[in-house]
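Protein sequence lines correspond, in order, to chains A and B. 4 is the number of the first residue of the first sequence in the working numbering; add one for each residue after it. 114 is the number of the first residue of the second sequence in the working numbering; add one for each residue after it.
Please note: incorrect hints may appear among the correct ones.
Below are the DMTMM-like pairs computed for lysine to aspartate or glutamate, each with C-alpha atoms no more than 25 Å apart in a straight line [stated by the list, open to error]:
id: 1; chain 1: B; residue 1: Lys155; chain 2: A; residue 2: Asp29
id: 2; chain 1: B; residue 1: Lys170; chain 2: A; residue 2: Asp29
id: 3; chain 1: B; residue 1: Lys155; chain 2: A; residue 2: Asp34
id: 4; chain 1: A; residue 1: Lys58; chain 2: B; residue 2: Glu215
FRET-style restraints, in silico, Cβ to Cβ [said to hold, decoys possible]:
id: 5; chain 1: B; residue 1: Asn165; chain 2: A; residue 2: Pro43; range: 32 to 40 Å
id: 6; chain 1: B; residue 1: Ser194; chain 2: A; residue 2: Thr63; range: 30 to 38 Å
id: 7; chain 1: A; residue 1: Thr23; chain 2: B; residue 2: Asp212; range: 45 to 53 Å
id: 8; chain 1: A; residue 1: Gln59; chain 2: B; residue 2: Thr225; range: 45 to 53 Å
Derived from the structure by calculation, the hints contain no laboratory data. The beta-carbon is built from N, C-alpha and C at its ideal position, and this holds for glycine as well.
Chain residues, written in single-letter form:
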Amino acid sequence: AQTVTQSQPEMSVQEAETVTLSCTYDTSESDYYLFWYKQPPSRQMILVIRQEAYKQQNATENRFSVNFQKAAKSFSLKISDSQLGDAAMYFCAYRTRTGANSKLTFGKGITLSVRP
Amino acid sequence: EPEVTQTPSHQVTQMGQEVILRCVPISNHLYFYWYRQILGQKVEFLVSFYNNEISEKSEIFDDQFSVERPDGSNFTLKIRSTKLEDSAMYFCASSLGPDPYEQYFGPGTRLTVT
């Protein structure tokens, strides 16, 4: 079974600075997706960024980028130029590409606070 | 932009009562999901649903749970006899398909069992 681990429960960053959120996962599969979801206080989860395991290039979405290390099974999220609206809980998630199984497996999440 | 909606936003019920949580997925989506998040814990998969059948379910999704798509727009989760440990945030999600399509989440229903 796949597992996703987010070992840091909380992080804090100064507005306009850069922060990196860590995630590791365990799987025996070679083809899968990794995601970062943001859950603001309104509690609706929003997809931040997605990485396909077969792609060597790290995904980037505006101020958000990932460092995907497949051999190390590490998938960190970097937020550049942090804004107050980035304050939220962030979940790392895994999804297989094998068969019709499409469920997401989530980590415990990390609470990010942004200091003005 | 189309959104997944869920009602009610908060439901309080007594232990042993039946509850139905409602979701309206994005209209052209074909795959539907329920997840739950007990306060302070990770989001957990409950069930996926496609073509009027359960595609996959987790160990959490026991005989007390059922899902239904009663019409062309709603997707419901029923808990027959609620327990205190069912208190959680329940999220509905929908997607066009399994791969490579992403899942879009609703705002959640907070269920409190007293």
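Status of the hints after comparison with the structure:
Restraint check for lysine 155/B and aspartate 29/A: satisfied, since their Cα atoms lie roughly 16 Å apart, inside the 25 Å limit. Taking the CA atoms of lysine 170/B and aspartate 29/A, the gap is near 21 Å; set against the 25 Å cutoff, the hint holds. For the hint pairing lysine 155/B with aspartate 34/A, the CA-to-CA distance comes to about 24 Å; that is within 25 Å, so the pair holds. For the given pair, lysine 58/A sits about 17 Å from glutamate 215/B by alpha-carbon distance, which is consistent with the 25 Å threshold.
In this structure the supplied range 32 to 40 Å holds for asparagine 165/B paired with proline 43/A, their Cβ-Cβ distance being about 34 Å. Between serine 194/B and threonine 63/A the C-beta distance comes to about 48 Å, which lies outside the given range of 30 to 38 Å. A hinted range of 45 to 53 Å for the beta carbons of threonine 23/A and aspartate 212/B is inconsistent with their spacing of about 28 Å. Hint check: glutamine 59/A to threonine 225/B, Cβ distance near 46 Å, so the stated range 45 to 53 Å holds.
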